Amino acid sequence: MTHTPPEHEPPHDQTPLEDPLTDHEYDGIKEYDNPIPGWWNWLFAGTVVFSLLYILFYHIGVGPSIHEQFEAETAFRLTQRFGKIGDLKPDAETILLYMNDPEWAPVGKSVYRSKCASCHGADAAGVAGPNLTDDLYIHVKKIEDIAKVVTNGANNNQMPEHGSKLHINEIVLVSSYVASLRGQNLPTVGWTADPGKKIPAWPAPPEPKADQAPEPVEPSPSGT
Amino acid sequence: MSQAETANAGGSASEGSPQPAGASPHLEQFTYDDGIVRMFTLATLIWGIVAMLVGLLIAMQLALPALNLGLEWTTFGRLRPLHTNAAIFAFAGNAIFAAIYYSTQRLLKTRMWSDKLGRLHFWGWQLIIVSAAVTLPLGVTQGKEYAELEWPIDLLIAIVWVGFFGVNFFMTLKVRRERHMYVAIWFYIATIVTVALLHVFNNIWVPLVAAGQPGTALGYLKSYPIYAGVQDAFMQWWYGHNAVAFFLTTPFLGLMYYFVPKAANRPVFSYRLSIIHFWSLVFIYIWAGPHHLHYTALPAWASTLGMVFSLMLWMPSWGGMINGLLTLRGAWYKVTADPVLKFFVVGITFYGMSTFEGPMLSIKSVNALSHYTDWTIGHVHSGALGWNGFMTFGMLYWLLPRLFQTKGLYSKKLAEWHFWLGTLGILVYIVAMYIAGIKQGLDWRAITPEGNLKIEFIESVEYLIPLYYLRAVGGGMYLAGVLLGAFNVYKTWKMRPKTYAEPVHTAPPLSADYTDAPAPKHRLSEHGHPELAKKVDVWMQGHWHRRWERLPLKFTVWVIVAVSVASLFEIIPTFLIRSNVPTIATVTPYSPLELAGRDIYVREGCYNCHSQMIRPMYAEKLRYGEYSKAGEFVYDRPFQWGSRRIGPDLHRVNKSYQWHHKHFEDPKLLVAKSIMPPYPHLLKRKIDWKSVPVRVRAASYLGAPYTQEQIDDAMNNAKRQAQAIAESIAKDRNKPIEEIQETQVLALIAYLDRVGKDITRTPAAEDEKPAEPGTDNAEPQGAN
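From first to last, the protein sequence lines stand for chains E and X. For reference, each letter of the first sequence is one residue, going 1 to 224 in the numbering used here. For reference, each letter of the second sequence is one residue, going 1 to 784 in the numbering used here.
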């Protein structure tokens, strides 16, 4: 007998509670006529009031929309990231300047990791894209061509364009990072197509000018 | 409860009548149909085990992708819908039918109206389940969560639910001998009418075959929804969330209201609470769907409505919990001795927990962290395993001795073991998923002090593997408990008598001349209160509701009004306000090959692991690119925004052909720690060319502006585009082109290469302006 209660029920079950019963009975089920708990009423009313206030504040009042919050954070991050250097130019001089810059190389590397590594490999030895550590290049003849390939893509977009996705500084810094990989000459891992042609070594990096004191410049909000 | 009642569910003839037999000259005799309850009970158990086995398998696949055994039919993307559909519609579905058929007869003092309809309902439902189990692994799917079943099965569901189940239930109401409907019946009514509405309106489609003959047998089962993009997403989550509400909540509340007071032998805590929590739940639940689409391209007003109505749903849900738990007042000592009550107590507690967690997760800023993560998986399993599972097992153990007319369970001890294994299993499961979910959410938004992404996607996956094993341990414990239960059921069944007794009950029919009790007096002092206040006080005492409870038709109409009005407040603006979906001039229909590839994306169930919805958040912009806009999805039938990121977002996936080709061959070639399975069948099987023009024509019926030339040239256009991609891959991968030509992967690659790109095609892309819906005059893009 699993579910049969003991024959002599304890007294506290006999005359249960003094709550008023309704006269309802369905298949032996009765219902108390208990009031609704006060805390239930108040919390329910509280959620309704909160909801009205929420709508008033965010949709009629001054509350920022999700997109405004996003724009604000993007602008803040942009200043945080690039406020010191303003907009960079994707030319040879700038790419060379940032090639081994201890402060800015990590930014280029971070862009590389999230946008380039899945095809070119984490160590850039070429997986589903060409090896970037040797002297052979397909669409690059001069160092500034790296930025062009990153921006516009190449090989009928098999190297996808990133101009619409990256900030110009990200393009310059990732180009500097890619340029800095040259010379490691790692053996190619998975790239089986045309490895490209040997091109002349990069020009010597420009001397950092002493008077190039960083002036805070507002970077442009859009990409390129 | 006396022993006689326990033994055979009311053996005494007078039980059906509140008056002593013979008091009325018009007593009618009747019996209850318990055979149908036995059938649904057995089906519940069998499908429960199937659903959980599939769940355990796919849970393990996330840690060990090789567990699909290299077969296309057993990949995560195809089996996950099987798991969810089996758990919801087969396990929980059969359980609620068992509960409804058992309790309705007794609460209404009548046998079900038609034994035959009951059997048709049972076998029809099992046929639906078997069809699902066959078609889902074959990749026949609508690509919308919990609405995956394709159009012929949709029709079958409508017939079985409305024509067999609904008709039988409402006709039983008509022939009842109990004047008033108990609260359990209210919840059953809400379930039946609302599920019918949800199912019909989320499953309006154009079958492919309406546009011509597809080249394969499975092509005949394919359909496109009439809704696209944002509107499809809205309708889907209106459906999806209310499947939770009206398939997994209201019928189980009805179950609770019958079986908990029965098992505890205690009156229900509060009739008034029943009334107010029933109506508030039914009215408010239906609005809450858009909380599944926070931070997506859904308009902000809809997202906000989804959030605030979810918050307001907290107390209506807890009203059910209170009424369940407080019914046990004075009976708590029984819980220690009775596994049935243990299951009920823990089940109701999990209900309370998940209905607190649900509103919390619907708050936009919390959802920003939790969405797409395993937190959601933890949340639904505390509901499904804790609430639905435990209420079901509590009911089963209470029913067994009554259905099989035995003196008790075969083993109470085994039932206790089931309870403890299950409870611990759920805890292990959800704790693992909470840790996994919160960690993922934090990883995805982590930014270095320099403003760069801190953690790559695959790094966020690595951390999860041990937690996936732990989850499988929890799920395994739960399943082990269920298997003990199945053994117990079998052994109890073996103890049944040779023939089941069929006790005869008597009750008078409903007399035609019933008058309601007089309206109560107001409770205010006669002086100092306006008449209106007195009237309000009378109204507040719920006398009018008592009258409704004896008028099933009126009651049902009001339920329909409540759910329809709430639905239309969201549905009408979603479809009519043009600014909801600002048109983007450069967004054009898919090329024929891309369209065929998109259908492969749907077939493989990619949306089960990948989203196509980049949220407007800084970290997502860095990781995935520009956030997704409503106007980008106008040709997406079905929408494929997804709800989970087991893999990364794919809206702007931006990879080369050969990368995709290699990745489908074996993801580990490119991402060493990937948990995606290889898709070798895509690299072998050929494209169904014959179906390509049919797909284009069907899309054109639905409003995609293809020209007649484009439709006529669809097959050749697709072949040209596929050939170009094949040549590119053959060159870059150094492979003979014969191996690559015409394979299905080319269509899928074409689609992945296209998706999310239109917005950047020309500078005009940023020039968003509202325009006439469906009159995008830009030329569809052909192969290029």
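Keep in mind that the hints were calculated from the coordinates and are not lab data. Since this is a predicted model, take the numbers as computed values, not measurements. Ideal Cβ placement from N, Cα and C applies to all residues, glycine included. Keep in mind that a hint or two might mislead.
Looking from chain E toward chain X, a few residues come up when the C-beta cut is under 10 Å (computed) [to be verified]:
#  : residue
1  : 41
2  : 85
3  : 89
4  : 101
5  : 106
6  : 117
7  : 133
8  : 137
9  : 141
10 : 160
11 : 191
Evaluation of the provided hints:
A hinted interface residue such as residue 41 of chain E counts as satisfied when its beta carbon comes closer than 10 Å to some beta carbon of chain X; here the least separation is about 8 Å, so the hint holds. For residue 85 of chain E, the shortest C-beta to C-beta distance to chain X is roughly 12 Å, which exceeds 10 Å, and the interface hint is violated. For residue 89 of chain E, the interface hint is violated, the least distance from its beta-carbon to any beta-carbon of chain X being 21 Å, above 10 Å. Using the Cβ-Cβ criterion of 10 Å, the hint placing residue 101 of chain E at the interface with chain X is not satisfied: the shortest such distance is roughly 13 Å.
This hint holds: residue 106 of chain E has a C-beta 7 Å from the nearest C-beta of chain X, less than the 10 Å allowed. A distance limit of 10 Å between C-beta atoms decides the matter here; for residue 117 of chain E the minimum to chain X is near 8 Å, and the interface restraint holds. Hint status for residue 133 of chain E relative to chain X: violated, with the closest Cβ pair at about 18 Å, above 10 Å. For the restraint placing residue 137 of chain E at the interface with chain X, the shortest Cβ-Cβ distance is roughly 16 Å, beyond the 10 Å limit, so the hint is violated.
Look at residue 141 of chain E: its Cβ only gets to about 21 Å from chain X, farther than 10 Å, so that hint breaks. Taking 10 Å as the C-beta cut-off, the interface hint given for residue 160 of chain E holds, the closest approach to chain X being about 5 Å. The beta carbon of residue 191 of chain E comes within 8 Å of a beta carbon in chain X, closer than 10 Å, and the hint placing it at the interface holds.
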